[in-house]
Structures are given as C-alpha cells and as structure tokens.
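2 protein chains.
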Amino acid sequence: MKNIVISGTNSVSEEIAKSLANSLSAELCKPIYKVFPDGESYVRLPCNVNDSKVIVVQSLINPQDKSIIEAILLGDAIKEKAVDQILVTPYLAYSRQDKIFLEGEPISIRAILKMFSEYYNFLATIEIHKEDSLKFFNKNSINIRPYTYMAEKINFDNKNIAVLSPDIGAIERAKILSSYLNCEYDYFIKTRDRITGEVTMQPKQLDVKGKDIIIVDDIISTGGTILKATQILKNQGARNIYVIVSHALLLENAEEKLFSSGVNKIYATNTLPKKNKVDYIDVGPLIAKNLSAYLN
Amino acid sequence: MKNIVISGTNSVSEEIAKSLANSLSAELCKPIYKVFPDGESYVRLPCNVNDSKVIVVQSLINPQDKSIIEAILLGDAIKEKAVDQILVTPYLAYSRQDKIFLEGEPISIRAILKMFSEYYNFLATIEIHKEDSLKFFNKNSINIRPYTYMAEKINFDNKNIAVLSPDIGAIERAKILSSYLNCEYDYFIKTRDRITGEVTMQPKQLDVKGKDIIIVDDIISTGGTILKATQILKNQGARNIYVIVSHALLLENAEEKLFSSGVNKIYATNTLPKKNKVDYIDVGPLIAKNLSAYLN
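Which chain is which? The protein sequence lines are A and B, in order. Under our numbering, the first residue of the first sequence carries the number 2, and numbering increases by one thereafter. Under our numbering, the first residue of the second sequence carries the number 2, and numbering increases by one thereafter.
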C-alpha cells in the first residue's frame, strides 16, 4: 500500500512534510490552499489518496485556530478515501490549557484532540506539554521526545557538562538527556521571599562552577524563566549555557534577551517559525523513525 | 429550570445575545475572553451554568476559524455542567462549501457542523446557504428564515411592489416574502452569449416597469450579481430597488457600488459586522420566538 504525506498549509509544515516524505520514501502531496476574500479557508488535494495511508503534517502555528480548522478540512477531504488517516502535529497548540485551572474554563487541548479524533486514526506529535493529555485523543497516539535526537545532531563533546530542568515537573527531560550524555542532571528549585515576594531560583544540589550547562525544556514563550536561570548560573560560575528546547516560540525578541544574558546557543526543533541565531534541528527523520512501526 | 444566554466572543454576538436574553427573560453571561501573546484564545465563564439550559450565541464572523474554535471551547466549558447545550450561530461560516465541487475538496460545512454536534444538542442558525446542510449536524436544528420578520419591521406600504430572486435556486425566499406582502414574485434567468461569452440576466416574466422591486437573497459577498440585476431593472424602468438580505458581508465596499448603481435601501440582519448606510434588523427577538418551543 502507498504512503502519501500531505504537507499542511504553512511553510513550517511544508518543510517537515518534505523531509518526512523523503525519510519514508513516500509520495509528497501539497494541497491547493487559499483564503477567500471574506476570510474563509479553502483547501483541495490535487493527489489521489484512494487506498493509501495518508499522513497529514500540520504544525499548529499562529494563527492557531486557522491551522486547526485546516487540519480538520484536510481530514474531511481524505476521510472517505484513504485507508488510514494519520495526523502529525509537530507543534500542538493549546496543550498548556490541559486542565481547569480556574472554575469556568474549558480544557482546550481536550476539545482540540477530540475534534482530531473524528478525522484521524493516529496522532504523532513532538513533545506535548503534558504527555497525559494525549488521552483526550480517542485513538492511538505517540508523543515524540526529541532531546536525545537533538543531542546526537548537536554532537556535544564537552567533558564537564550537566543538564538542568527549570523545575521538578520537567525533570524527566533532564534525566533522559543526561542519560544519553552520561552526565549529571538536576532541577531548579524556586523560593519566594516571604517579605518582598521576590522569586529566586537555584539548582537543587548541583555545583555548576566551571561547568557547561544544558537547560532543557519543552517550550520557550517569552523566556522569562530561562533568563532568570541563566543569570543565576552565570553568577554561580557556570561556563557555557546551552538551551535545548522542542518548541521555540521566543515571543517579544526573547532570543535576543537570552543571548544578552549569557546563553551561548539555543537549539530548537523546526516545529515553529524560525528566528535568527537559533540553531534548528529538522524533526522529519525523527518522526519517520517513530511512524515506521505504525506504517508497516 | 434556568435559561442562561452566553454571548460569544465578538461584538456581533454580544449584541444578539443581549437582545435574545432580553426577549427570553433569561440570564445573560458574558465570558472572560482574551488572546495570549502567542495567539491562542482563552475563554472562561464567570457564571454558574450548573443545572441550566445554556444557549451560546456565536456568530461565525471573520476571523471565522477563531470564532469556530471559541464556540468549541465554550462548548467544552459547559458540556459537563449544563443540562442542555444550545448553539446559536446567527451567521454560519463555511456554509457555501456544502458539497465537493472539485475532486479533492472537503465538505467544509460538514466538518464544522460535525464538530459542533460533539458539544451542542441543538443548533439554531439564521438562513444557512442550503437548508439541507443541517443534516451534517447530528442533533436537532432549525434554520430561521428572517424575510417575513424583516418585512414586518420594515413595514413596506408600497402598492406597486414585486419580489425578485437572483436565480431559480433561491426562488423559495421570493415566494415566502411575496406571499407575506401579497404581491408578485419572479426570478432572474441568466443567459450566456455563445459568441462573446457575456452573461446577461433578466426577470423571467415579470414586467418591472414603474414597479418597486425587492431583491431578496441569503448573502451578499461582493454584490456582483445584485449590481448587475439592479442595472437591468433600472434599464427596464423599475422605480425603487430594495435589497433584503440575511447576511450582508458587503466586501470591497460593495454597498457603495450598489447604492451608486441605483439601489435605494439595503436591509440586512445584524448577523455580521455593520456597514454605514445599511439598515439593520435585530434578529434577537426572532431567534427567541423560534427557540421558545425547544426551551419549554
């Protein structure tokens, strides 16, 4: 049976789809896409998807709601024709609204994944904010953690290196990466001054003096936490600071602020639009590797 | 049991929700709504919807995809609490992509209505492009035709009046309105010149000379057809030209072009953002009347 990779409706998705199709030796199909004068989206597939396994690659980048609806429209276009419908969302928007934080809120990621499960039998995503959220997708799914793959591509040869997670909740990422790099890992603890209310953070136990430090995280938005972490690490005598992140939103010129504060390199996957000076690692081959079990 | 009307996330929806709540003597609840710096939408209900019948009013205006996702997020926020979830979409976007016109297209309105039926038990909309499309909503629904209600509010007292539909497919609207006004009705036939390819249109049988003509339609986008119709009616000696339309998109200053070509008045419902010089008729009371049977 034929595998067809359909690239989504933005340039991020096109790049990953092309690379994924190449890694899978699959046919690549680019949909016709336009926006009507009134603002409605239009998609059409110029390829024959009958009797094929179809993999739609759509990174849910800003405007997120348009990216989501277009993934649904592509799903509708293939549903009755393809033998299997697979959705790859390199970046899965709304994954941070994964519970009711305040009474009256929706669980946004539940709503999004529920819609997708009406159209797709399998979902693959790169590092969702909380893996547990994938339960809202009613079919099989995989969360792909890119950190060791990224480290492999970066090829760190530093001897005196350690991995830090910004908080205990994300410690698993630091653990995985340190295991691959065969080095120490730790996490930051945050303390709030009872009088001034000021939040300070420092590594739980790790002595960072003279070490190269990798800060690992799933997503950087405005980069506030990593900025603070970098300042503390520099004060404590850390040598080089590297940031490894799946999704680099880097809002409000966050990358400039991070580099100015002492970050040497930011490594991110190509799931989001690119910023200058950030080093990107293509996740196409990684997704291919993770999909191959499902496709065969 | 209490009825609660929740206004959607745009000013069009707020206006209709307020009027609907007033007509139903129901509680009105305005969600907290914001857009995060990265572009994701956030909604929260500041009201208690437990044990209530909840009516979400969301007109699917531009940006349509954001309006749709927000209706879904509101649906997720009420689903497990409310006794009944009702969605009112005064303007239902994507209803013109109601079939596969070209191989490889989705049926967009099917996809949208399918999503809504996961969250809502009942759907009310003002004049969907094709009523048959409501079959894609898996629960009960009503299509509300506003034309006689509009004519009632406008209070035409013209003696020598006739109603015209731009084409035979929409003749039902002209029929309904002419029946209420107790006047003649007809539709335009289009002919294409075999040599030049030019399309001309004229009323099938009706002699328009000296008459006031009402052109009735579900939606005006750029207004091209109505512009052409007006020119022909004026050439054939029609007196005043009135346009009655449910949804007045009026893209690219269409209203200016129509008024310049001889249209005297454009009457529209308030399902879309307002334009200068167009006369709007509030559909809140009309929706209330049509919902009351379902609510009691």
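The hints are simulated quantities; they were obtained by calculation from the structure and are not laboratory data. Misleading hints may appear alongside valid ones.
You can't tell identical chains apart in this list, so a pair holds if it fits in one copy or across any two.
To be verified - Derived lysine-lysine pairs resembling PhoX-like cross-links, with alpha carbons at most 25 Å apart:
1) K235 x K19
2) K19 x K35
3) K275 x K19
4) K100 x K31
5) K235 x K205
6) K100 x K205
7) K140 x K210
8) K210 x K160
9) K80 x K140
10) K136 x K115
11) K115 x K82
12) K35 x K131
13) K278 x K266
14) K80 x K136
15) K100 x K80
Computed from a predicted structure; not experimentally measured.
Up to 25 Å CA-CA - K160 versus K210, copy category:
within (14 Å within a copy, 93 Å between copies)
Could you figure out if K235 and K205 sit no more than 25 Å apart (CA to CA) within one copy, between two copies, both or neither?
within (16 Å within a copy, 83 Å between copies)
Same-copy or cross-copy closeness of K136 to K115 [CA-CA at most 25 Å]
Close inside one copy (10 Å) and across copies (21 Å); limit 25 Å.
Given identical chains, is K35 near K131, meaning Cα to Cα at most 25 Å, within a copy, between copies, both, or neither?
between (33 Å within a copy, 23 Å between copies)
For K115 vs K82, is the C-alpha pair at or below 25 Å within one copy, between two copies, both, or neither?
For K115 and K82, the Cα distance is within 25 Å both inside one copy (21 Å) and across copies (18 Å).
Homo-oligomer pair classification [K205, K100; C-alpha up to 25 Å]:
neither (28 Å within a copy, 60 Å between copies)
Intra- versus inter-copy proximity for K19 and K275 (alpha-carbon distance at most 25 Å)
This pair counts as within: shortest intra-copy Cα distance 17 Å, inter-copy 44 Å.
Between copies, within a copy, both or neither: which fits K140 and K210 at Cα up to 25 Å?
neither (47 Å within a copy, 65 Å between copies)
Tell me, please, which holds for K80 and K136 at an alpha-carbon limit of 25 Å: within, between, both or neither?
Answer is both: 22 Å inside a copy and 18 Å across each meet the 25 Å cutoff.
Within, between, both or neither: how does the pair K100, K31 come out at a Cα-Cα threshold of 25 Å?
between (35 Å within a copy, 21 Å between copies)
Between copies, within a copy, both or neither: which fits K235 and K19 at Cα up to 25 Å?
Intra 40 Å, inter 56 Å, cutoff 25 Å: neither.
Between copies, within a copy, both or neither: which fits K100 and K80 at Cα up to 25 Å?
between (30 Å within a copy, 15 Å between copies)
Hints 1, 6, 7, counting from the list given before, are not met by this structure.
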